[in-house]
Every structure is written in structure tokens, then in C-alpha cells.
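**Q** In order, the protein sequences belong to chains X and P.
Residue 312, in the working numbering, is where the first sequence stops; the numbers in between run on with no holes.
Residue 365, in the working numbering, is where the second sequence stops; the numbers in between run on with no holes.
Simulated from the structure, these hints should not be mistaken for lab results.
Please read all numbers here as calculations on a predicted model, not as lab measurements.
Positions of the beta carbon are idealized from the N, C-alpha and C atoms, including for glycine.
Mixed in with the good hints there might be a few duds.
Said to hold, decoys possible - Cβ-Cβ distance ranges computed for the label pairs, FRET-style:
{"id": "1", "chain 1": "X", "residue 1": "L148", "chain 2": "P", "residue 2": "N125", "range": "25 to 31 Å"}
{"id": "2", "chain 1": "X", "residue 1": "A159", "chain 2": "P", "residue 2": "T56", "range": "33 to 39 Å"}
{"id": "3", "chain 1": "P", "residue 1": "E27", "chain 2": "X", "residue 2": "L143", "range": "29 to 35 Å"}
{"id": "4", "chain 1": "P", "residue 1": "Q74", "chain 2": "X", "residue 2": "A140", "range": "27 to 33 Å"}
{"id": "5", "chain 1": "X", "residue 1": "K136", "chain 2": "P", "residue 2": "E27", "range": "32 to 38 Å"}
{"id": "6", "chain 1": "P", "residue 1": "R107", "chain 2": "X", "residue 2": "R167", "range": "54 to 60 Å"}
{"id": "7", "chain 1": "X", "residue 1": "I137", "chain 2": "P", "residue 2": "G132", "range": "30 to 36 Å"}
{"id": "8", "chain 1": "X", "residue 1": "L143", "chain 2": "P", "residue 2": "A106", "range": "28 to 34 Å"}
{"id": "9", "chain 1": "P", "residue 1": "K70", "chain 2": "X", "residue 2": "F163", "range": "41 to 47 Å"}
{"id": "10", "chain 1": "X", "residue 1": "F146", "chain 2": "P", "residue 2": "A106", "range": "47 to 53 Å"}
Claimed, not checked - Below 25 Å or equal to it, Euclidean Cα-Cα: the simulated DSS-like pairs (lysine-lysine) are:
{"id": "11", "chain 1": "P", "residue 1": "K70", "chain 2": "P", "residue 2": "K7"}
{"id": "12", "chain 1": "X", "residue 1": "K136", "chain 2": "P", "residue 2": "K70"}
{"id": "13", "chain 1": "X", "residue 1": "K222", "chain 2": "P", "residue 2": "K111"}
Below, each chain spelled out in residue letters.
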Amino acid sequence: MSSFSVTEPSTRSKWFAGSLVILYALITMVPLAWIMLTGFKSPADAISYPPKVIFDPTLEGYVNLFTTRTRQTDEFLAANPPETWYEEIVRQYDMVIAGPSKFSERFLNSVIIGFGSTFLSVFLGTLAAYAFSRFKIPLADDLLFFILSTRMMPPIAVAIPIFLMYRQLGLSDTHLGMILLYTAVNISLAVWLLKSFIDGIPTEYEEAALIDGYTRFQAFYKVVLPQAATGIASTAIFCLIFAWNEYAFAVLLTSGTAQTAPPFIPTIIGVGGLDWPAVAAGATIFLLPVMIFTVALRKHLLRGITFGAVRK
Amino acid sequence: MAQIIIKNVRKEFGDFTAVKESSFTIEDGEFFMLLGPSGCGKTTTLRMIAGLELPTSGEIYLDGEEISQKPPSQRDIAFVFQMFALYPHMNVYKNLSYPLVSQGMARRDVKAKVEDVANILGIQNILKKPVGGLSGGDRQRVALGRAIVRDPKAFMMDEPLGALDAEFREHMAEELRALHDRMGATTVYVTHDQLEAMQMGDKIVVMNNAVVEQFGTPQEIYDKPATMFVADFIGSPSMNFLPFHGSVAEGAQTVDLQGQSIAVPRQMQGASGKLVFGVRPEHVTLSDTGAYRGEVLATEYLGTTQIITLDTPNGALKARAPAGQVATVGEKIGLGFKGEAVTLFDENSGRALRSELNEGIVTHG
């Protein structure tokens, strides 16, 4: 295209913009790539200097992540030859596998708490947003401001009162406690995001459903909800990312049964020396669910971010 | 099919009164127009009949049953929205079947009914399409189809042609009227377009500022306006108003305009003070002999007729004259008025004075 166009960027500026985006993507992806590669290195390779880009991949990190190991005497080792491939990996260091580590348990906690609080935030947020959007609520603006004001300081600023309160209520180190906490933090975001989405859905759709013989609630879930799917999906991603990555409260309020993966991963470091490959393996596995969830919903997410910018 | 009676209906939104005590009757099978400028309360009235708003006070009878506080689902009234409001996540077939599904109708019957309606509207070939890609006319037809599919007692239409372009609107208006004549269903239709109202309606209610100004057939509304607002709103160009100071006695058949005695319908009501002489442009004739004279300011050629704007001693006036009539700007021409078509108004109240012409139409005063 040689002709001059006002709206269409020139080929050169497209190339320039494209290169910038690629450069930025590379920069942000280096740490991720580093973590993923380190997960497949041996402990020696992981700390070698200069860093090794080409190395013999090993699953040592992953084996160490999922197991606890003990050192054994030569007699014991000679009497019990390794039976599995992961047993063999451990034998290099004269160790045997004593049992599974707590990682899978902690990871499951993360899943329960992350998805549980996301579901609850989005569920309550959708109902509240619909009410704020459609009904005449006395002091609606003040209530919305109040809901937003819960986000005006970092949540961790109220960590001590919450810690004391949770101890009194017996919510410390419970799944329910963590789900409630993350929901409380996320719900203001959910209400505000979803309200703007629902505001954008013309009321005529519901009115048409009312006329067609449906009740208000049927109109809500049969007509409004499908329309709000995009908003609900993008809100869910934001809520999940927060709940999944949250570290400070998790450290403070969980230690055993309800501990999530973020506070657990660093504790790997303390087991048997600085086991960087195991830490990296844990971080890699930890990243996967949010990545999959985000990629699966990325269409919605993009529309969600630009929502309101362009009116159809 | 049903008669709808609106009785003293009033609607307030907080401090704002959208509709003030309105009463009128929509007969069974009528194509009824709610006409007025935007913000006059016509859409609110329509929504109250449908149940999308509940009146603050007053009664609405559908087929003799009082329904004013019932939810829309219990009224058996269909509604066609201005922007059509087709369910965007469903295809045409699902949109059409949705009102039937809510009634728990059997699948087979739904299918038969939807196909029936699709045939009437000529949309059989788009049933499987999503509504997003449809043209304006097809959307309109689907919206109509969704309304007629369950044979409701009455149809409410909120400016259904407003979203179409001018050319297509004409065509759709005809189609709509033909559909109505075929089904004979009571239809209430909101519009701000007086031409559309005149063209399609059996009866018209003209509303302004939350008040019903007049209620009658298009002919009555046009020929015998009850208020200056109606006279001004209906007709293009609208009725001429020549304000004058004077008095008319009961039984009078002339008024005095600038010393000229001008014929009017026999008055049933005396009045004095600030009065207005109202005459439609087509009832003004240009004649050299006329004693009441005006100066030609402009002419607009319209093909078969022309609109001549004149300056008279009582203000500007438009006359509709045959296109062949010669009128030069600046020329002074004598004017004649078709006496039996004149309406006199009281300027302060804006209401028509009762006369032989509007007897039985204008009851106030």
C-alpha cells in the first residue's frame, strides 16, 4: 500500500510498534523462562557461573519438590537397589525417598481457596452489581463509594486486627477463613467491574423477557447473565490472580492445613540446602493454573479491559 | 383482543410528574396512536399499560379487568421496543419461541406456531440465523413476530419504526398497518411523528407536558383541534395563528380582524381579551379582491402546491396555494379564509372556543 492513509498506520510504524512489543515481551519473559529452565537443571548447574543456557536436563528438581528424602548407610543402599527412575535420581546423593512432600497438599489448598473465593466474589459481585445497576437503591452512590473505600489502603494494613479476629473466631488456618478473606478483598473490584458491564446491557432485554412472561429472576439469569458473560469472565480472572498470588495474608494466617502454595514454596529452600531447582519447579507448577485460566479466557479478558472505551 | 380503558392514570417519578390524570379508551381492534413531542409522557403511558411501570394512581382496564398493579407477565400484552431488544445470544427461531417456552407450550406446538408466524412475516429463511447480522427490516419483523407469536390481547409499540431509515420506514408502516388489519388486534403505538400517526392510526391521543391534549380520530384532531398545541403540532406546515385583541359573542358568525369582518363558524361560547384566529394554510385563499391584505415574504415550491409566506397585520401567515398561482415577493395580496374551517382560541388558556365546527369535540370551557 503506497497511498497515504490517515487512519491506517504506515508499514514502517507498524514494524516499529511490532518490534517494541516483541522486545517488551522478551524482557518480561526472561525471568519466567529462567524459572522454567532452572526447574530442569541439576543443583550444580543451577548455581554455576556464568549461568548455563545449555545443560543436561534432569527431573531432579521435580522429584525433590514432591518427595522428602533421607540419607542412608551404604549397607542399606546396597541391599535395596533402586526400583524406579525417581528413586535412581535420588540415589546419586546416597538418599532414599522417605515419602511424599507437602507440596501437592499445599497446591490443592491454593486451588480450593483461589477458585472458591473467586467463585464467591463473582457470584456475590454479580448480584450486587445487578441490584446497583437496575434498582433505585437509597444512597446507592454512597454505598458504592463505601464498597470501593475498602480498597483505599493495602489490605495488609489491617493484617493485625484480622489476625486477632481470626484467632478469636477460629478461622485461622482454615479454608473457609482464607476464602472469606480473599472474597472480602476482591468483592469491591467485582462489584465495580460488573456494575459497569451490566450498565452497558440495555434494560430492554429484561423488559422484553418480563413481557414474554418471565419473572424478574428468570429474566436476570436467562437474559442478563449470558450478556454479562464477558464481564464475569474478566472479573473472575482478576479475582483469581489476586487470590492465587496473595502471599502476606497466607504467611500470617496459615501454617498447616490451609497453607497455600505461595508461603510453602520458599520453605523448600530450607530442606537440605539451597535447592533452587526444586523451588523453580514449584514456581513453574504454581504458575500453570492461572496461565491456563487466563489463556482460556483471554478473548473475554481483552474485551473486558477495553470495555466501555468503545461503544457499539 | 381487547378493549383498554385508561382511567385517571397518574405517574410520578420522585418530584417529577410524567403523566397527569389521563383518561381515554382504546376500543377493541383499534390501531391507536399515542402522539406527542419527546418527554410528554406518551412512552410512560404505554409502559404503564404493559406493566413495565406501575401507575402512582388510577386504573387500567384490559377487557374489563383492572390490571394496573399486575406484573407484565400476568397481563398478556406484547411489546415491541424501539431498538427491538431481540435477545442477542439467541437465533431468530429462539427469539420467536421464547414467549411460548415461558408458557410451557409443548415443543411441537412451539415449532408449528413459530413457523406460522415466520410465514406471515416472510422470515422463514432466516430462522436459523443469529439476530446480530440481520438487517433493520428483518430485525423489525422478528420483533413483531415475537410479539404476535403468542396471540396476546393487545400490542404495545414504542416507536417501532424510529430506528429504520426514512425510505424503509414508509414500507414498514404499510406492512404494519396491513398486519394489523389482518389480525384485528388492539394496538397501541407511540410516535412523535404526526404524519405517521395520521397515516396509520384509527384514533390518536395527543399528549403534551404529561397531559392528554386531545383524543379522537385523525380527521377530528386535524380539523377540530381542541388546543393551540394540537393545532400547532399536527399538520405541516402547521395551523396559522393570528393573535388579535377583541371579543366574540355567543352566536357570533364573524370576528373583527383589523376592521375587517371575517366569517367564522357560529360560536357557542362568548369570549373577550387576547384571542387567536386559527386557520390552516390550505384554508387561506389568495384573491385580489380580499380586503384583508398581506405582503408576500417568500414562496416554497412543492410540486403540486406551493407554500406562500405572508406578512399580515396580525403576524406571519402561510398559505397553501396551487403551484400555478403567481406570487411575487414584495407584492401585497388580498386574503380570504374558509370561514367554516376556522378555529378561535383563547390565547391565555390555549384552548379552542366552542363553535359549531368543534361541537361535541371540545367540551371544556
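**Q** Now tell me, hint by hint, if it's right for this structure.
**A** These are the hints, each one checked on the structure:
1. X:L148 x P:N125: 25 to 31 Å: 51 Å, violated
2. X:A159 x P:T56: 33 to 39 Å: Taking Cβ atoms as reference, A159 of chain X and T56 of chain P lie about 52 Å apart, which means the hint is violated.
3. P:E27 x X:L143: 29 to 35 Å: 48 Å, violated
4. P:Q74 x X:A140: 27 to 33 Å: 29 Å, holds
5. X:K136 x P:E27: 32 to 38 Å: 36 Å, holds
6. P:R107 x X:R167: 54 to 60 Å: With Cβ atoms ~58 Å apart, the hint holds.
7. X:I137 x P:G132: 30 to 36 Å: 33 Å, holds
8. X:L143 x P:A106: 28 to 34 Å: With Cβ atoms ~46 Å apart, the hint is violated.
9. P:K70 x X:F163: 41 to 47 Å: 54 Å, violated
10. X:F146 x P:A106: 47 to 53 Å: Roughly 50 Å apart at Cβ, these two residues keep to the hinted range, so it holds.
11. P:K70 x P:K7: 16 Å, holds
12. X:K136 x P:K70: 20 Å, holds
13. X:K222 x P:K111: Within the cut-off at roughly 21 Å; holds.
Checked against the numbered hints listed earlier, the structure breaks hints 1, 2, 3, 8 and 9; every other hint is satisfied.
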